Each structure stands twice: as structure tokens, then as C-alpha cells.
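*Asks:* So the chains spell out like this:
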Amino acid sequence: MANGEGVSGPILAADGRPLKQSLARALRMQKMRALALIAPLLIFILVTFAAPIADMLFRSIENSIVPATLPLTVKALEDWDDASGKPPGEEAFAALHKDLLVAVDAKAHTKLGSRLNYEQTGIASLLRKTGRHVKRMKEDGNLAAQFAKVHKGWADPETWGTVKRFSGSHTSGYFLNAVDARLGSGGIEARPDNERIYIFLFERTLFLSIVITVSCLLIGYPVAFLLATLPMRTSNVLMILVLLPFWTSLLVRTSAWKVLLQQQGVINDTLVFVGLVADDARLAMINNQTGTIIAMTHILLPFMILPLYSVMRTIPPSYMRAAKSLGATDWTAFWRVYFPQSVPGIGAGSILVFILSIGYYITPELVGGTSGTFISNRIAYHISSSLNWGLAAALGVILLIVVLVLYWLYDRIVGIDNVKLG
Amino acid sequence: MRLRTFLAAGAVASVAMAGAAQAEDMTIVSWGGAYSASQMNAYHKPYMEMNEGVNIINDESAAEAVAKLRAMAEAGNTTWDVVDVVASDAIRLCDEGLAMEIDVDSVLAAAPDGSPASKDFGEFLVTPCFVPQIVYSTTFGYRTDLVGDTPPKNVCAVFDLENYPGKRSLEKRPINNMEWALMCDGVAMADIYDVLATEEGQAQAFAKLDTIKDEVVWWSAGADTPQLLADGEIVIGSTYNGRLFKLIEEDKQPVAMLWDGQVFDLDGWIVPANLSDERKKRALHYLNFATDTQRLADQAKYISYGPARASSAPLVGKHASLGIEMGPHMPNHPDNLSNTLLYNYEFWADYRDDIDAKFQTWLAK
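Residue numbers (the working numbering), protein chains in the order written: chain A, 1 to 422; chain B, 1001 to 1365.
The set of hints was computed from the structure by calculation and includes no laboratory data.
A portion of the hints provided could be inaccurate.
[What the hints assert, rightly or not] Computed far set for chain B versus chain A, every beta-carbon distance over 10 Å:
1. Met1048
2. Gly1053
3. Asn1055
4. Ile1056
5. Glu1233
6. Leu1342
[To be verified] Computed footprint of chain B on chain A; a stretch qualifies when at least three of its residues, placed anywhere within it, have a C-beta under 8 Å from a C-beta of chain B:
7. 112-120
8. 193-200
9. 254-264
10. 373-386
[As the list claims (entries may be wrong)] The list that follows gives simulated cross-link-like pairs (lysine to any residue, SDA-like), each with its CA atoms no further than 20 Å apart:
11. B:Lys1213 <-> A:Gln289
12. B:Lys1153 <-> B:Ala1063
13. A:Lys107 <-> B:Ser1088
14. A:Lys258 <-> B:Ala1230
15. B:Lys1213 <-> A:Ala284
16. B:Lys1365 <-> A:Pro192
17. A:Lys111 <-> B:Ser1088
18. B:Lys1365 <-> A:Met285
19. B:Lys1213 <-> A:Glu195
20. A:Lys111 <-> B:Glu1101
21. B:Lys1167 <-> A:Met285
22. A:Lys258 <-> B:Gly1222
23. B:Lys1365 <-> A:Val179
24. B:Lys1068 <-> A:Ser385
25. B:Lys1167 <-> A:Val179
26. A:Lys111 <-> B:Ala1273
27. B:Lys1068 <-> A:Met56
28. A:Lys258 <-> B:Ala1221
29. A:Lys107 <-> A:Pro71
30. A:Lys107 <-> B:Met1072
31. B:Lys1068 <-> A:Tyr361
32. A:Lys111 <-> B:Phe1347
Small disclaimer: the values here were computed from a predicted structure and weren't measured.
C-beta: ideal position from N, C-alpha, C; glycine also.
Same shape as in the complex, but just chain A (with noise of 0.2 Å):
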């Protein structure tokens, strides 16, 4: 109190600012320099990474296909109900003709087709063959005629309905193919029993990814502990038996597993010469998912190895002498000594190889048959053979939210602290 009652005033710094605005400044200045540090970084991921990632994920819900081909069909069906069971008047007609005159010369009206098959089956066939005849159409008060004589789609209630229903600049119903649902005339519904897929390959994707976490631990742990025991000349030629496979290409380890793994292989050769499996009884360990676990825990063991094993070469090794110096048993020296301090390996290891293993496409694609594949195999499909990316991208979202939740959980479970990759 009393020192402070000399003082007038705020410090000053030696150039006669105030002490606290020049330190601001050298601050602010630091910060800008190490911004400009990692701009490069920040600018190319942002530009390389988030941006399009962000716009796939937005056309998850984007439609404006819909409403930008036929602005007036859709004006003139808000009157309309949707569940009237009878076709729209002559105005929702005369509206259709006149934004399909303007779309078949821009081509649009094709595209459109693309859009609403994904919906109803049969719009793009009905759109394309509309399109060929709808400039021979006269306006004489009687289109509704003439478009059902084109395509007698035209005449059914539900073509209108899917119109309608789909106007929006967004929608919901590529979220709502992908957990299995649909937007019908009576609202949401789930879809029959013989087209439900997408639900069920989640749960697959999630089991199988957690199996193979699981083995690539138990063939790992002991992996690492032995790199991490032995001395430091030994462990260096098994590191590069766990390193070779790892810098071999993906596609190489894959094939071989096909040949190794098929029923006139390898392994199912060598049985039979044993005599331990008959000709005609020989196992099938590929196109299945006994072959997407075995050939996936191959190629992401060292995931699990490699951080297993740094964490483990921090642990001292007086701790396991201390341990039965006091009367420990073996397995009691590791379990309540040697493992709890391996745990943060475990956690960095589990996540690498689950978070990898949830979103792998190639191999589970190669030796995964149909019962072996995972959600991210359909996401490819509809990135680059049915082009319905509207979907792909909703089933992507989904698989990102499941990755975050289960991240989140974990956290809560494990607590991220606990994860050490060294």
C-alpha cells in the first residue's frame, strides 16, 4: 500500500510507453511472426483438407437441383396435396412445360432425372423420353394429356409426390437412405425389408474393426514386450521384420494373402498333404470375413506395435526386479506392475488401428467377399459407380460422427491423458 502510493500513473517502459502497451505489442508481434510460421501449413490444409471435406459433407443436404430446374412446377404444387391420390390440375402442367422448355436446352432436365431416380425408379427414363417430346407440346389448355401421353408417369399421383416432397434447396432423404429410411406420402418410413443395408453395415464395420483392434493387441503385446526386453542389438533386427511389411505396398501384402489364404492355396495345400483337412472339405478363409480380419490385423499390426513398443522401452526395468524382490510372482510382477504402465500403449495403439480399420476400403474390398465388407466399400460405390454422391456424403457424415462419438467416449472411458504414443 504505501509503495503503491508513490506511483502516478502506469510504468512506464524505457522509450516512455506504457510498460504495458509496448509488452502487448512485442507479444502481438511474436504471435503474427508465428502465425506467419505456420500459414503455409494452416493455408494448404485448409484449402487441401477442410474445405473440401466440409463441401463433400454439405452435399449431404444440398437439392437445389430441384428447385433450380423447375422453379414454377414447384410454385404451382404448393397448392396441391400431396396425399390426394389424383394428379395435379393443368397449371402444375403448364408450369412443368414451360421449366422443361428452358431446361432441355440447358440440359438440365436430364440431370434432374439422375436426382429424383435416386427417390423413385423410373423418373430419369420418364424425364429423358419427356424431354425428347415436350417441344412438339402444344399449350392448348390440355398438357396434362399430352405429357401422360409421353410417359403415363405422368398421370400417377406419386411422380408429383416425389416432386413435391424433394423440392426443397435441401433435403433430408439422402440422411434418411442411409439409416435405411425414406420420405414417403406419409412421412418418414422405414424402407422394406429387402432393401435395409446401410444400418446393418455400420454395425458390421464397427464389429469387425473392433475384432481386429482386439487381435492386432493380443499378436502385438507380446511383439513389443519382447522388442522392448531384449537387448538393444537383438531387438533392432526383429524391429525390421515388424518394419519390412510395413513399408511394403498394401496392395502386395494383399494379393499374397489371396494366395496364401484361397482354397487351392497355400495353407489349405499344405492341410490337406497333412492329412488334417479333406480334399474335398478344404476351408475357406478368403471372401469372407475370417479373410478381411486376418489380412486387415496383418496390415495394421504395426499400428499397434510401434507405439506398444515406445511406451514400453520407458518403463524401467528395476520396477519388475523391485516387484519380485518383494515377493511377487511372475505374473503378479507384470499384471500389477508392468502392465497397468503399458496401458497409455494400449490406448494409442487401439485407436490407431480402429479409427484406421473403420474407414479401410481397399483390402476388405479385395478379400472381403460380401460378407466381409465394410459401410466405406458401399461409400466408394456411390462416390464412383453410381455417382449418387448425395448419399455417399450422408453415409460419410455418419461415419464421422460415429468415429467422434466413440473418440468421445473414450476420452470419457480412458481419458485421452492416458494416451502416449513414446
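Take the given structure of chain A and dock chain B to it, following the hints.
*Replies:* Here is chain B on its own, set in the frame of chain A:
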């Protein structure tokens, strides 16, 4: 100072080279492997000899062509000039406005007898954006040593586990498999697509496929079935006829061809929409050369796919290295035409998404 001069010189040189490259390079996208090689021999090489200064770059990403063309169009930078796609993809590219419409009679060469290209290609011009090149078929090959004394004569052998036990391979998609299932379940050829358009018809096809489901290896790459046949993993399997020709005639494997029930499909060229005038002109110039009667017949020297022009068929000669007569190995040779289907483009454009969802659900469960 010296460094700066060096850099400036480098920049000038690279700009000049980029300019020169733009004037000459033409990127042609195709499927790779033996197929691209046949195009290289029959089309690209003679074209480059005749047009000095044009350099054809072969890109092998035809399998993802539709997705990539869409991405390129969205990015506003289409780097491909001519793209080889199957007809169903050409229809989709045309629908999406990603391929340009081609007036075949003004762009393509007439037949030697003077009849216009549109007549020469005939019904194979399935969409205005598409110039057909070959007719190929998806058909079955079987191991001659695994079928006993009664080799299969009919496509329904695939569903006959009693006489032909063992694994079989089918493509991991509904197209063709649904047709074969109905065909072998007593549906008349002419009614197949009417039946398949109904829920009951689809259920009927799945029920037929159910009878062999446990014995099927599903393939997704054209090379899978030949490899499975060569390894003796399967007794019978579907694939493209050209792959089987190679397996039988070039690799001399104990495999024979079952032409019965083959499903024809077309493969050909599209030109991406929105190319610059100069690139468009060059692409069409190339197409005029590469799809004339003689060139299409030449391709059959290297691979067993049938030329899409009617006027090319009589010109098909011997295989360039094996020396065998190629005519009987063409899917559209009269001897092989007993029981065939042409891929129904209109039907599958509509039903592809719907039936595929059901097919995948059926597969997974």
C-alpha cells in the same frame, strides 16, 4: 544475380514448353492392359504417324471415368480429350451434360460402300454422345478338366449344382446376373425385362440366385475370373469374352468358352463437354480416323472384341501374333449368336439404383 538469371531463364523455358505441350498433347482415357495395347496398335500409332506433332497420352482411368469427369467439370478444368467408356456410362455422362453430343454423319467417316456412319453403326448408337467402338460380351468360361465328360452347353449349367458341383464366379452387381437367373428359371427371353421390372420378378430372380449363393465367388475386377479359373478355384465363371480368349488361346489354360447366354455390351468413345474449340476439333479429327471401317477391323487383330461397324466385320483377319483366324472368336460372329441378350440400357438406367440396393442387401444377408 546469376541465380536470378537462371530462374528467369527456367521460367521462360517452362512457359514455352507448356505452350508447346498444349499444342500437341491429346489425353485419351482407356481401360489399360491388353485393351489399351490394342488401341495403341490399331489407332494411336498410325494416327501419330499421320499427324506429326500430335502426341497421344494414354490414361488408364476409364473405370472411374464418370466420377472423374464430373469432378473435373465441377472444378472447371477438364484435362481429358477423348474417353473410352461403356455405353451405360456414356448415357449417364450424356444425361449429366458431361459429354458433348456428336453428329455422327458429319463427324465420322462413311462406310467404304458410301453408306453413312449412322447406318453403319445402326442400333449401336444408343445415345447422341456416344461413338461405339467394340461389341464385347459378358459370358462364361469353364474348366474343361473339372466338368467330366459332359461339358456344359447351356448357360443354366451355372445354376446346376448337381451336374457341375464346385464354386462359380459371378460379377458383384445385379446386371446380367438377374437376367441369367430369370432365363434359367423359365422366363422367356422376350419377357425378361418386363418381369424384372416387377417386385415379384425381382424376388423370383433372387430366389433362383439363392440356390447357388453359397457356391458363388463374387468378382469386381475383370481379371478375377481368369485368375480363379487358372487356379482351379472355380468350375465356371463369368467375365468379358476378351479375357477368356487370352486365357484360352494365349495362356493355353484348360478352359473353354460358353457362348450361350452371352450378354452383349458396347464400349466406345465420348468427348467431354466444354472443351476449347481447338481441342474439340482435334478430338473429333481423331475420332473420325479411329472409328473408320478399317481401323475398327484392325483392332480385332489384337483383341477378341467385335468391331461395332457392320462394314468392319468382313475385314476382320488373323491375330497379329498368334496367327489364328479372329472371326469365330468375335462375340457377334454368327456361330456364337444362338442365345444372346443385348444389355438393356434404358431399363438399367432406371432400375440400377433400386435393384442394386436390393442386390447388395441380398448379398450381405
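*Asks:* Each of the hints needs a verdict: does it hold here or not?
*Replies:* Results of checking the hints against the structure:
1. The Cβ of Met1048 of chain B sits about 31 Å from the closest Cβ of chain A, beyond the 10 Å cut-off, so the non-interface label holds.
2. The Cβ of Gly1053 of chain B lies farther than 10 Å from every Cβ of chain A, with a closest approach of about 34 Å, so its non-interface assignment holds.
3. For Asn1055 of chain B, the condition that its CB be more than 10 Å from all CB atoms of chain A holds, with the nearest at approximately 28 Å.
4. Listed as a non-interface residue, Ile1056 of chain B keeps its Cβ farther than 10 Å from every Cβ of chain A; the least gap is roughly 25 Å.
5. For Glu1233 of chain B, the condition that its CB be more than 10 Å from all CB atoms of chain A is violated, with the nearest at approximately 5 Å.
6. Look at Leu1342 of chain B: its CB is around 17 Å from the nearest CB on chain A, clear of 10 Å, so calling it non-interface holds up.
7. Counting residues of the stretch 112-120 of chain A whose beta carbon lies closer than 8 Å to any beta carbon of chain B gives 4, which reaches the threshold of three, so the coverage claim holds.
8. Using a Cβ-Cβ cut-off of 8 Å, 5 residues of the stretch 193-200 of chain A lie near chain B, which meets the minimum of three, so the contact claim holds.
9. For the stretch 254-264 of chain A, the stated coverage by chain B holds: 3 residues have a C-beta nearer than 8 Å to a C-beta of that chain, and at least 3 were required.
10. Remark: the stretch 373-386 of chain A is confirmed as covered by chain B, as 6 of its residues place a Cβ nearer than 8 Å to a Cβ of that chain, reaching the required three.
11. With a CA separation close to 16 Å, the supplied pair Lys1213 of chain B and Gln289 of chain A stays within the 20 Å bound.
12. For the proposed pair Lys1153 of chain B and Ala1063 of chain B, the alpha carbon gap of about 32 Å is over 20 Å, so the pair is violated.
13. Our distance criterion of 20 Å between C-alpha atoms is met by Lys107 of chain A and Ser1088 of chain B, whose separation comes to about 18 Å.
14. Between the alpha carbons of Lys258 of chain A and Ala1230 of chain B the distance comes to roughly 14 Å, so the proposed pair stays at or under 20 Å and holds.
15. Proximity of Lys1213 of chain B to Ala284 of chain A is assessed by CA-CA distance (about 14 Å); at most 20 Å being required, the pair is judged to hold.
16. For the hint pairing Lys1365 of chain B with Pro192 of chain A, the CA-to-CA distance comes to about 14 Å; that is within 20 Å, so the pair holds.
17. Distance hint between Lys111 of chain A and Ser1088 of chain B is fulfilled; the C-alpha atoms sit about 15 Å from each other, no more than 20 Å.
18. Between Lys1365 of chain B and Met285 of chain A, the direct Cα distance comes to roughly 18 Å. Compliance with the 20 Å bound is thereby established for this hinted pair.
19. The hinted pair formed by Lys1213 of chain B and Glu195 of chain A meets the criterion: a straight-line CA distance of about 18 Å does not exceed 20 Å.
20. Among the hinted pairs, Lys111 of chain A with Glu1101 of chain B is consistent with the structure: their alpha-carbon atoms are about 15 Å apart, no more than 20 Å.
21. With a C-alpha separation of about 14 Å, the suggested pairing of Lys1167 of chain B with Met285 of chain A holds against the 20 Å cut-off.
22. For the hint pairing Lys258 of chain A with Gly1222 of chain B, the CA-to-CA distance comes to about 16 Å; that is within 20 Å, so the pair holds.
23. Distance hint between Lys1365 of chain B and Val179 of chain A is fulfilled; the C-alpha atoms sit about 17 Å from each other, no more than 20 Å.
24. For the proposed pair Lys1068 of chain B and Ser385 of chain A, the alpha carbon gap of about 11 Å is at most 20 Å, so the pair holds.
25. Taking the CA atoms of Lys1167 of chain B and Val179 of chain A, the gap is near 34 Å; set against the 20 Å cutoff, the hint is violated.
26. In summary, the hint linking Lys111 of chain A to Ala1273 of chain B is supported, as the alpha carbons are separated by about 14 Å, within the 20 Å threshold.
27. A hinted pair counts as satisfied when its Cα atoms are at most 20 Å apart, and Lys1068 of chain B with Met56 of chain A qualifies at roughly 15 Å.
28. A threshold of 20 Å between alpha carbons decides the hint, and for Lys258 of chain A with Ala1221 of chain B the separation of about 14 Å falls inside it, so the pair holds.
29. The hinted pair formed by Lys107 of chain A and Pro71 of chain A meets the criterion: a straight-line CA distance of about 16 Å does not exceed 20 Å.
30. Restraint check for Lys107 of chain A and Met1072 of chain B: satisfied, since their Cα atoms lie roughly 18 Å apart, inside the 20 Å limit.
31. A distance of roughly 19 Å separates the Cα atoms of Lys1068 of chain B and Tyr361 of chain A; the hinted pair therefore holds under the 20 Å criterion.
32. Note on Lys111 of chain A and Phe1347 of chain B: the hinted pairing holds, with a Cα-Cα distance of about 17 Å set against a maximum of 20 Å.
Checked against the numbered hints given earlier, the structure breaks hints 5, 12, 25 and satisfies all the rest.
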